[in-house]
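Given the structure of chain X, go ahead and fit chain R onto it with the hints provided.
There are 2 protein chains.
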Amino acid sequence: MSKLAVALGETVRRERKKRGLSQEALAAIASLNRTYVSEIERGLTEASARNLQRIAQALNLRLSELVRLSESHND
Amino acid sequence: MSKLAVALGETVRRERKKRGLSQEALAAIASLNRTYVSEIERGLTEASARNLQRIAQALNLRLSELVRLSESHND
Chain X
1 MSKLAVALGE TVRRERKKRG LSQEALAAIA SLNRTYVSEI ERGLTEASAR NLQRIAQALN
61 LRLSELVRLS ESHND
Chain R
1 MSKLAVALGE TVRRERKKRG LSQEALAAIA SLNRTYVSEI ERGLTEASAR NLQRIAQALN
61 LRLSELVRLS ESHND
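Sequences listed follow chains X and R, in order. The letter at position 20 of the first sequence is residue 20 when you use the working numbering, and the numbering goes up by one with no holes. The letter at position 32 of the second sequence is residue 32 when you use the working numbering, and the numbering goes up by one with no holes.
Next up, chain X with everything else stripped away, as it sits in the complex (with noise of 0.2 angstroms):
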C-alpha cells in the first residue's frame, strides 16, 4: 500500500495507545469493524477520507490534525 495509508495507520495507533483505547473501543466508538480499524493501523487499505474522519472524531481529533501528525511523522 502507500507511504501515506502506512503514515496515517502509524498516527492513529499511536493515537488510539496515547488515550487507553483498545481497537474495539475505537472502532465502536467510530462506528467501524474491529477489522478495518487494525487493518488501517496496518496500512493495509487505502482508508476514505470519511472513514478517516470517524477515526479522528473518535480521538477526539480533527481529520486535517489527524493528517497533519502523520505527515510530521514521515517527512
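Just to be clear, a hint being listed does not mean it is correct.
Subject to a maximum C-alpha distance of 30 angstroms in a straight line, what follows is the list of computed DSS-like cross-link-like pairs (lysine-lysine) [claimed, not checked]:
1) X:Lys3 <-> X:Lys17
2) R:Lys3 <-> R:Lys18
3) R:Lys17 <-> X:Lys18
4) X:Lys18 <-> X:Lys3
5) X:Lys17 <-> R:Lys3
6) X:Lys3 <-> R:Lys17
7) R:Lys17 <-> R:Lys3
8) R:Lys18 <-> X:Lys18
9) X:Lys3 <-> R:Lys3
Far from chain R by the CB rule (all over 10 angstroms, computed), these chain X residues [what the hints assert, rightly or not]:
10) Ser2
11) Arg50
12) Asn60
13) Arg62
14) Glu65
15) Arg68
In case anyone wonders, no lab produced these hints; they're calculated from the structure. Think of the CB as a built atom: it goes at the ideal place given N, C-alpha and C, for glycine as much as any other residue.
Just chain R now, with coordinates in the frame of chain X:
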C-alpha cells in the same frame, strides 16, 4: 454522500480554479481519471485519502492543508 465529501469537493474545485486548471489538466497531473475528479468535485464519491493526496499534490498543497481548507469553509 457525506458532508465531508461535499466540502472536500468544493475545496478541490475552488483551488483548481484559482490555479486556472481545467479538470482534465488536474486529472492528468494527479494521474487520475477525469470522470473521477469530476465526481470528487461534486461530492459524489467517498475518495480515498491517497487519491485526495494526489490531487492535493497536483495543487501544490499538502493533504492536511487541503483538508484544513475544507474544514474552514464548512464549520
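Evaluation of the provided hints:
1. X:Lys3 <-> X:Lys17: holds, 21 angstroms
2. R:Lys3 <-> R:Lys18: holds, 23 angstroms
3. R:Lys17 <-> X:Lys18: This hinted pair is violated, its Cα atoms lying about 41 angstroms apart.
4. X:Lys18 <-> X:Lys3: holds, 23 angstroms
5. X:Lys17 <-> R:Lys3: holds, 29 angstroms
6. X:Lys3 <-> R:Lys17: Between Lys3 of chain X and Lys17 of chain R the Cα gap is close to 29 angstroms, so the pair holds against 30 angstroms.
7. R:Lys17 <-> R:Lys3: holds, 21 angstroms
8. R:Lys18 <-> X:Lys18: Measuring from Cα to Cα gives roughly 40 angstroms; hence the hint is violated.
9. X:Lys3 <-> R:Lys3: holds, 27 angstroms
10. Ser2: violated, 5 angstroms
11. Arg50: At roughly 5 angstroms from the nearest Cβ of chain R, Arg50 of chain X sits no farther out than 10 angstroms, so the non-interface label is violated.
12. Asn60: Holds, since 15 angstroms exceeds 10 angstroms.
13. Arg62: violated, 6 angstroms
14. Glu65: violated, 8 angstroms
15. Arg68: violated, 4 angstroms
The structure does not agree with the numbered hints 3, 8, 10, 11, 13, 14, 15 stated previously, though it agrees with the rest.
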